[in-house]
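Enquirer: Sequences listed follow chains D and B, in order.
Going by this note's numbering, the letters in the first sequence line up with residues 1 to 350, in that order.
Going by this note's numbering, the letters in the second sequence line up with residues 1 to 570, in that order.
Relax, there's no trap hidden among the hints.
With a straight-line Cα cutoff of 30 Å, these simulated DSBU-like cross-link-like pairs (lysine-lysine) come out:
1. D:78 x B:193
2. B:529 x B:470
3. B:563 x B:529
4. B:83 x D:284
Worth flagging that the hints you see were computed from the coordinates, not collected in a lab.
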Amino acid sequence: MLIQSRVIAPHVRIGVRRMLPGLGEIITGVGQSVNPMQTVARAVLSVRYRVLPLSDILQVAPEALPEMLLVEPGARVKQGTLLVDKKGFLGRRQQYESPLDGEFYRVDNGRLILRQTSDIYELRALVAGQVIEHFPQRGVLLETFGSLIQVAWATRREEAGLLNVVTLNPTLRFTPEQLLPDYKSAILVVGWFDQPEVLQRAREAGVRAIICGSLPAELCPLAEAGDLPVFATDGIGRQGLSAPVFDILRAAQGKRTALLGAQISGERAQIVIQVDKKTTEAPKAATTPLAVGQRVLLLRAPYQNQVAEVRRLYHLVQTTESGVRAQGADVRLADGRTLFIPYANMEAII
Amino acid sequence: MTNAEEQQEAVVLPHSCLVAECGSVNTTVSLFDEAAGSYRLLARAIAPTTVGLPWRNLAEGVYLAVQSLEQQTGRSLLNPQRKLITPARQHNVGVDQFIAVSSAAPPLATALVGLFDDVSLASARRVLGSANAQEVSCLSLDAEQEAETYLATLLEKEPDLIFIVGGTDGGATKRLLHLVETVSLAVGPLAEKKQIQAIFAGNKQLRQPVSALLKGRVELHMAENVRPNLETERLADATREVNDLYSDFKIGALPGSSVLHDWSEQHIIPTVQAFATLVRFVAALQKGRVLGVDLGGSSVSLVMADAHGAQIYRRNDLGIGQMISNVLNEVEPATIARWLPFAASDEEIRDFIWQKSLQPQTIPLMEEEIYLEQAIAREIIRRVVPANLPPFDVLLARGQTLTNTPRPGQAVLLLLDALQPTGIFSVALDKYGVLPALGAMSGSQPLAVVQALEAGVLADLGWVIALTGKGQAGESAVKGSVETAEGQFNLDVAHGQIDTTVLGAGQTASISLTPDKRVDLGFGSGKGKKLSVRGGLVGLVVDARGRPLLLPEPEQRIEQIRKWYWDVGS
Numbered sequence: 001m002l003i004q005s006r007v008i009a010p011h012v013r014i015g016v017r018r019m020l021p022g023l024g025e026i027i028t029g030v031g032q033s034v035n036p037m038q039t040v041a042r043a044v045l046s047v048r049y050r051v052l053p054l055s056d057i058l059q060v061a062p063e064a065l066p067e068m069l070l071v072e073p074g075a076r077v078k079q080g081t082l083l084v085d086k087k088g089f090l091g092r093r094q095q096y097e098s099p100l101d102g103e104f105y106r107v108d109n110g111r112l113i114l115r116q117t118s119d120i121y122e123l124r125a126l127v128a129g130q131v132i133e134h135f136p137q138r139g140v141l142l143e144t145f146g147s148l149i150q151v152a153w154a155t156r157r158e159e160a161g162l163l164n165v166v167t168l169n170p171t172l173r174f175t176p177e178q179l180l181p182d183y184k185s186a187i188l189v190v191g192w193f194d195q196p197e198v199l200q201r202a203r204e205a206g207v208r209a210i211i212c213g214s215l216p217a218e219l220c221p222l223a224e225a226g227d228l229p230v231f232a233t234d235g236i237g238r239q240g241l242s243a244p245v246f247d248i249l250r251a252a253q254g255k256r257t258a259l260l261g262a263q264i265s266g267e268r269a270q271i272v273i274q275v276d277k278k279t280t281e282a283p284k285a286a287t288t289p290l291a292v293g294q295r296v297l298l299l300r301a302p303y304q305n306q307v308a309e310v311r312r313l314y315h316l317v318q319t320t321e322s323g324v325r326a327q328g329a330d331v332r333l334a335d336g337r338t339l340f341i342p343y344a345n346m347e348a349i350i
Numbered sequence: 001m002t003n004a005e006e007q008q009e010a011v012v013l014p015h016s017c018l019v020a021e022c023g024s025v026n027t028t029v030s031l032f033d034e035a036a037g038s039y040r041l042l043a044r045a046i047a048p049t050t051v052g053l054p055w056r057n058l059a060e061g062v063y064l065a066v067q068s069l070e071q072q073t074g075r076s077l078l079n080p081q082r083k084l085i086t087p088a089r090q091h092n093v094g095v096d097q098f099i100a101v102s103s104a105a106p107p108l109a110t111a112l113v114g115l116f117d118d119v120s121l122a123s124a125r126r127v128l129g130s131a132n133a134q135e136v137s138c139l140s141l142d143a144e145q146e147a148e149t150y151l152a153t154l155l156e157k158e159p160d161l162i163f164i165v166g167g168t169d170g171g172a173t174k175r176l177l178h179l180v181e182t183v184s185l186a187v188g189p190l191a192e193k194k195q196i197q198a199i200f201a202g203n204k205q206l207r208q209p210v211s212a213l214l215k216g217r218v219e220l221h222m223a224e225n226v227r228p229n230l231e232t233e234r235l236a237d238a239t240r241e242v243n244d245l246y247s248d249f250k251i252g253a254l255p256g257s258s259v260l261h262d263w264s265e266q267h268i269i270p271t272v273q274a275f276a277t278l279v280r281f282v283a284a285l286q287k288g289r290v291l292g293v294d295l296g297g298s299s300v301s302l303v304m305a306d307a308h309g310a311q312i313y314r315r316n317d318l319g320i321g322q323m324i325s326n327v328l329n330e331v332e333p334a335t336i337a338r339w340l341p342f343a344a345s346d347e348e349i350r351d352f353i354w355q356k357s358l359q360p361q362t363i364p365l366m367e368e369e370i371y372l373e374q375a376i377a378r379e380i381i382r383r384v385v386p387a388n389l390p391p392f393d394v395l396l397a398r399g400q401t402l403t404n405t406p407r408p409g410q411a412v413l414l415l416l417d418a419l420q421p422t423g424i425f426s427v428a429l430d431k432y433g434v435l436p437a438l439g440a441m442s443g444s445q446p447l448a449v450v451q452a453l454e455a456g457v458l459a460d461l462g463w464v465i466a467l468t469g470k471g472q473a474g475e476s477a478v479k480g481s482v483e484t485a486e487g488q489f490n491l492d493v494a495h496g497q498i499d500t501t502v503l504g505a506g507q508t509a510s511i512s513l514t515p516d517k518r519v520d521l522g523f524g525s526g527k528g529k530k531l532s533v534r535g536g537l538v539g540l541v542v543d544a545r546g547r548p549l550l551l552p553e554p555e556q557r558i559e560q561i562r563k564w565y566w567d568v569g570s
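From just these sequences and the hints, can you work out the full model?
Expert: Okay, structure coming up:
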């Protein structure tokens with residue numbers, strides 16, 4: 001049986017994909033070592049087009065316009081560059097200058113199109129590692145080592161910094177009053193929070209990012225609108241950090257950490273906690289079928305966030321206590337109880 | 001085995017059919033074949049849809065489900081190279097036909113172009129509303145944009161399809177051509193990034209100039225004018241074009257879909273199209289009007305079909321899975337809470353919805369969560385119910401939230417609350433999730449589909465009598481007598497009540513109904529009716545709560561909802 005899986009792995013070899021939002025230029029070579037702040041690729045982020053109705057302005061037929069042009073498609077133009085020079089009767093001339101710096105794109109049915117590019121996007125590595133693969137014009141694959149945690153929900157912003165685990169209890173609520181001045185520049189780890197002031201005060205305190213187990217849905221749009229990265233490892237609500245996630249984070253106090261957004265469609269955002277020691281160990285393949293003995297994270301109430309071990313797989317549909325029918329497995333919880341859980345309600349921890 | 005031996009063994013079991021339905025969350029593979037003298041669903045298996053990471057291969061989920069079918073049935077379906085064995089051979093090997101149905105691809109992002117919002121564009125939106133397409137921008141005389149602005153819009157929205165409508169046949173041409181000129185200019189930079197499809201379904205006299213303007217910039221398809229004149233609307237041809245493009249360019253672009261193409265003699269069919277075909281098929285069989293409801297993870301569809309055709313009402317941005325959180329853009333949590341038999345805060349409802357959108361495959365296990373998911377389902381279905389839903393004879397419903405309720409009465413109550421239908425009709429659920437598969441088969445094997453329907457692929461819930469007309473709560477709305485083989489008893493259902501009479505599956509009853517003079521059973525106010533009904537998992541439900549359904553004040557509401565659930569056997 002194939003089920004959803006989640007990487008929550010201490011000390012593994014990690015392939016970090018770093019991808020541009022569009023096509024661009026890769027500026028690091030395969031085999032090159034990079035540091036977290038280093039730019040590995042860049043791209044032009046925005047392109048604007050200006051459409052100039054020149055055949056109307058110059059009162060010429062659209063098909064006559066190309067012959068009057070002084071520039072070729074693709075040519076760079078400056079504001080004031082002469083684009084058109086039209087000879088008229090009795091020695092009169094009509095000229096037209098570029099109104100902007102940019103590129104002459106093309107002439108289309110009597111209209112001249114100029115292209116302006118701006119906002120160069122610089123893609124940082126965010127992790128220390130080595131470039132092991134290029135995705136031409138799109139990005140690179142970096143190799144690094146450490147702990148890897150795929151998260152349930154994250155804002156779009158990315159960040160790197162040192163980890164500061166400020167909670168001793170993974171299910172504890174974090175309040176604005178608990179934000180201290182010495183959290184400046186840190187990536188904070190908290191159980192969960194539900195007050196917008198946490199986001200505001202964290203920004204004011206110079207916190208780089210917040211990792212939480214969960215946050216209520218109401219805060220998600222607010223967090224998304226802000227510039228402070230928020231990574232919720234276990235989803236939406238007030239459940240806090242699941243035990244396997246907390247165990248890894250607690251052991252990584254003060255470690256160099258990167259919060260990476262989804263790089264391609266369908267990918268999860270992830271937390272990479274780096275260590276210098278290399279390893280050949282990689283997370284188990286997510287495509288491995290579920291087997292007896294596999295550790296799973298349970299996703300729905302009343303067992304949400306609990307870790308269990310698969311004891312028996314069922315191929316035929318079973319009826320749950322509530323009367324819902326589903327394919328699933330018997331799993332053993334940490335307290336020794338064995339329960340039937342639908343496959344849909346568990347993720348293999350790999 | 002030699003080729004000669006293989007040929008000798010070939011095609012012993014005619015028309016066995018394997019159908020894969022790849023949804024946004026799950027892939028269901030169903031095996032239909034002849035058994036005990038009739039076609040039936042022999043087995044089905046479900047696997048996760050594997051179009052996303054880590055698989056990125058639609059075929060993986062299909063392989064997995066097919067392997068599960070092999071285990072269940074002992075029939076060999078895949079060869080060692082994981083190729084489907086076809087046609088069927090002796091010794092329980094292979095299958096004659098393979099059909100694939102899918103809704104796993106995102107909808108076609110569509111830029112609409114037309115003259116007026118209330119004429120041709122309204123028709124175009126109805127086309128999009130019945131297909132896997134989503135409007136992302138609109139250029140019209142009502143919302144005209146300079147070429148520069150429109151170019152920026154197209155670059156931002158990156159549509160897959162430009163759908164141009166406008167003008168009656170033989171009517172004015174200048175204004176529409178002006179809009180198409182803008183499209184022509186603006187589409188250039190986008191066409192450098194991706195191949196753009198375009199459909200022209202406007203004034204047919206403009207086909208040549210439109211074609212000339214867009215030549216080399218888009219791949220242009222011609223469809224019948226959606227508004228050949230102001231009084232006539234023709235959507236079928238344009239809808240077919242949109243469905244074909246979805247199949248070719250969205251489903252066809254899914255990684256691994258080529259494997260399913262290779263197995264099948266036909267294109268992968270969009271699920272909504274296959275479901276609509278089945279609903280129309282049942283309507284023809286029943287010689288009546290059939291309403292189909294499909295609540296999926298990323299879309300919701302209503303199909304109303306009769307002998308003349310089918311009308312689809314669909315949302316591609318609302319569903320009970322990945323798209324569930326969009327419901328909060330349209331309704332407040334309190335609107336959802338009014339359907340709950342317990343109190344729930346706005347925060348609880350919002351958190352539940354967001355979490356479900358992150359883990360769309362999950363199934364609620366606690367009673368409160370089951371009721372909450374059903375309450376959300378009501379509001380999602382309500383978004384696609386047309387303003388004047390006509391009466392119908394049969395209601396077919398599909399989607400896990402409807403078919404996997406702990407008690408079947410919950411599905412009936414959910415549908416009655418969401419649709420608020422009127423009249424007398426039977427209700428059945430697609431308990432094995434095979435209706436699109438049967439729709440896909442119905443063209444080539446209609447007899448097989450009839451036999452499969454008769455062989456129990458549907459969960460027959462029973463009949464509903466939904467009254468219109470208001471009266472004092474507690475006063476009789478309808479009285480009647482029910483005669484079964486076991487005896488006779490009387491019915492008396494008061495205004496505001498929902499009443500269930502247990503009639504077992506297969507049990508028939510003769511019913512005589514006399515409504516209150518202000519109540520309409522569908523035959524005129526106060527007019528009675530004698531009818532024959534067949535029982536089901538729920539029985540005979542009389543819904544005398546009135547239309548529109550008015551929920552009680554908050555303080556009494558929870559008790560009332562609880563009672564309604566109780567009254568339908570939940």
